[in-house]
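2 protein chains.
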Amino acid sequence: MFAVTILGNNSAIPTVDRHPTAQVVTCNDQLLLIDCGEGTQVQMVLYKIRRSRIKHIFISHLHGDHYFGLIGLLNSLSLLGRTEPLIIHAPPELEPILQLQLEASYTQLKFPLSFVALREEAAGVIVQERDLEVSFFPVKHRIACFGFIIAQQRRKRKIILEQALAYEIPSAFYTQLQEGADYQRKDGVLVKNNWVTLPPAPGKKYVYCADTIYDEELIPHMAGADLVYHETTYLNALAERAAERFHSTSVQAATLAARAGAKRLLIGHFSSKYTELQPFLDECVPVFTNTELSIEGATFLI
Amino acid sequence: MFAVTILGNNSAIPTVDRHPTAQVVTCNDQLLLIDCGEGTQVQMVLYKIRRSRIKHIFISHLHGDHYFGLIGLLNSLSLLGRTEPLIIHAPPELEPILQLQLEASYTQLKFPLSFVALREEAAGVIVQERDLEVSFFPVKHRIACFGFIIAQQRRKRKIILEQALAYEIPSAFYTQLQEGADYQRKDGVLVKNNWVTLPPAPGKKYVYCADTIYDEELIPHMAGADLVYHETTYLNALAERAAERFHSTSVQAATLAARAGAKRLLIGHFSSKYTELQPFLDECVPVFTNTELSIEGATFLI
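Residue numbers (the working numbering), protein chains in the order written: chain A, 162 to 463; chain B, 162 to 463.
Bound conformation, chain A alone:
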């Protein structure tokens, strides 16, 4: 399972049915939280996200609509009895903000909390696990801001069925074949794993571009992604305002996705001034067909 669930799709001013940015990525058996605007913990309850399964939280930048919900989530996780470590990847100014709030209430979280500081000069891989790799890259916004590449690593080698049958390997051994084991036949023949399997299929890639001005330097990060999230704060008529505020428009996001050869594009961070979202899709699709609106509660398979 590799998928992203949208918990918030709005820009700065939240309203009843449009929350500030938060997304949960499901990668095999763990959940990753990207950004955590105010109200994220309640959205998690509403959409049945198992908060306890989150180990890594990524905060793109310190505009409030991307992190004001974090302190409340940490508090609730502690009250709910979490004891597993939690790692927050964020610009370094976040740590003292959270610490000050914990100190003001004499709160001792019941789980170990650690911080990984995102700094432009250190861009690259920040999480490397058996079936997951996360890296970050700087994007151009009004303050320090980072995008994330989440790559699902496939572990299982692919069995070449006709070869496995020809060597008379029992199907009970297939799971071990997928994990790279050789097979010792009773007649003394050692069947080497690479005679009957191929390397794991390449993993899939989700690229989260955070809040950003239109920037062609994002193209290499987006290249070949199975799914790209790119903000579209404004429709194309407000391209000038978008540039002033270091945000993007529908057409700009679609243009980058097309030039990067991404497979699909997910758009969000819609300005509160728009009550209808369909026009965003109407402007993107002619430029990049496989565009989808980030709708709260929706899950997109990657």
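Just so you know, the hints here were simulated from the structure itself, not pulled from any lab data.
Keep in mind that a hint or two might mislead.
Which copy is meant is left open, so a pair is good if it fits within one copy or across any two.
As the list claims (entries may be wrong) - Quick list of in silico lysine-lysine cross-link-like pairs, DSS-like style, CA-CA up to 27 Å: (1) K319 to K216; (2) K209 to K434; (3) K434 to K317; (4) K301 to K271; (5) K319 to K434; (6) K424 to K317; (7) K209 to K365; (8) K216 to K317; (9) K216 to K434; (10) K271 to K434; (11) K319 to K424; (12) K365 to K216; (13) K209 to K319; (14) K424 to K271; (15) K365 to K301; (16) K353 to K317.
Once you have looked at the hints, place chain B on chain A.
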């Protein structure tokens, strides 16, 4: 108009339909916000509270469920174009927390923000306006915590209608009579205001007791209040746990309201462990008849 609207009635862990503590008091033409848990700004949109009409915000204490929504509200007020000053009355540790968050995003609020530090030794009147007086008092909780007394000051003198008619004062002058003016008759007689009016009726009083352990020292503050809000985190069976955590039960709140001679009691801050609220009422009413549940979105006239 003197009323309180409930925006949140839950204790620490919020859920979809039970938000952390926040209340809006309408006093004549202004709104006062008491506590501001996460999600308060969206509750204000949902219940059509005119955020721009808030001038004073009161934060009882720095447990997150009473203030995590404040920074988001301030941000949104600024983005919405507010320019009028805003005054926050809170324990002094709140100011650096908010400042650090504003600095991290290089945010300059578009309105003047000032802080009044609540310290136990200074308990007393903090707002004194033409038609409103607010004072605060310490309550016993795990950290520094304060209750508030909001008194509506009546301005208009009461006209003694038969006297006004006897002196042949035209009804067009009644508004001025209410404001204390004498009436000069054409025949030369000066009708003194106190011949035809009585002093303004005494104002009404709302007492907000914040998060508190059962404490008989609250009785003098609650005495004679038209409406008292007192927390009931637990039902009576958990009186021991309530005491350990410096919270109260249903029966304890009702007992204090009865002993103080309050007119009505409003209960809230229900633990998330309770899915049904009716049992709180069932336990209070036998002890204090005029008890009401704080239901989100409900407005109680004072």
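Results for each hint:
1. With identical chains, the CA atoms of K319 and K216 are never at most 27 Å apart, being 29 Å at best within one copy and 66 Å at best between copies.
2. Taking the closest pair of Cα atoms, K209 and K434 come within 27 Å of each other only across two copies (18 Å); inside a single copy the shortest separation is 29 Å, beyond that limit.
3. For the homomeric pair K434 and K317, neither the shortest alpha-carbon distance inside one copy (47 Å) nor that between copies (43 Å) is at most 27 Å.
4. In the homo-oligomer, the alpha carbons of K301 and K271 lie at most 27 Å apart only across protomers (24 Å), although the nearest pairing inside one protomer, at 37 Å, exceeds that limit.
5. Taking the closest pair of Cα atoms, K319 and K434 never come within 27 Å of each other, the shortest separation being 50 Å inside a single copy and 48 Å across copies.
6. When the C-alpha separation of K424 and K317 is checked against a cutoff of 27 Å, the pair qualifies only within one copy, where the shortest distance is 24 Å, while the shortest distance between copies is 70 Å.
7. In this homomeric assembly, K209 and K365 come within 27 Å of each other (Cα to Cα) only inside a single copy, at 25 Å, whereas the closest approach across copies is 45 Å.
8. For the homomeric pair K216 and K317, the shortest alpha-carbon distance inside one copy (23 Å) is at most 27 Å, but the shortest distance between copies (61 Å) is not.
9. For the identical chains of this complex, K216 and K434 are inter-copy neighbours only, at 25 Å across copies versus 35 Å inside a copy, given an alpha-carbon limit of 27 Å.
10. For the identical chains of this complex, K271 and K434 are inter-copy neighbours only, at 19 Å across copies versus 41 Å inside a copy, given an alpha-carbon limit of 27 Å.
11. When the C-alpha separation of K319 and K424 is checked against a cutoff of 27 Å, the pair qualifies only within one copy, where the shortest distance is 23 Å, while the shortest distance between copies is 75 Å.
12. In this assembly of identical chains, K365 and K216 lie within 27 Å of each other by CA distance solely inside one copy; the values are 20 Å within and 52 Å between copies.
13. Proximity of K209 to K319 under the C-alpha cut-off of 27 Å is found in neither arrangement, the shortest distances being 33 Å within a copy and 58 Å between copies.
14. When the C-alpha separation of K424 and K271 is checked against a cutoff of 27 Å, the pair qualifies neither within a copy, at 42 Å, nor between copies, at 42 Å.
15. Within a single copy, K365 and K301 get their C-alpha atoms as close as 25 Å, which meets the 27 Å cut-off; across copies the closest is 55 Å, which misses it.
16. Within a single copy, K353 and K317 get their C-alpha atoms as close as 16 Å, which meets the 27 Å cut-off; across copies the closest is 97 Å, which misses it.
Checked against the numbered hints given earlier, the structure breaks hints 1, 3, 5, 13 and 14 and satisfies all the rest.
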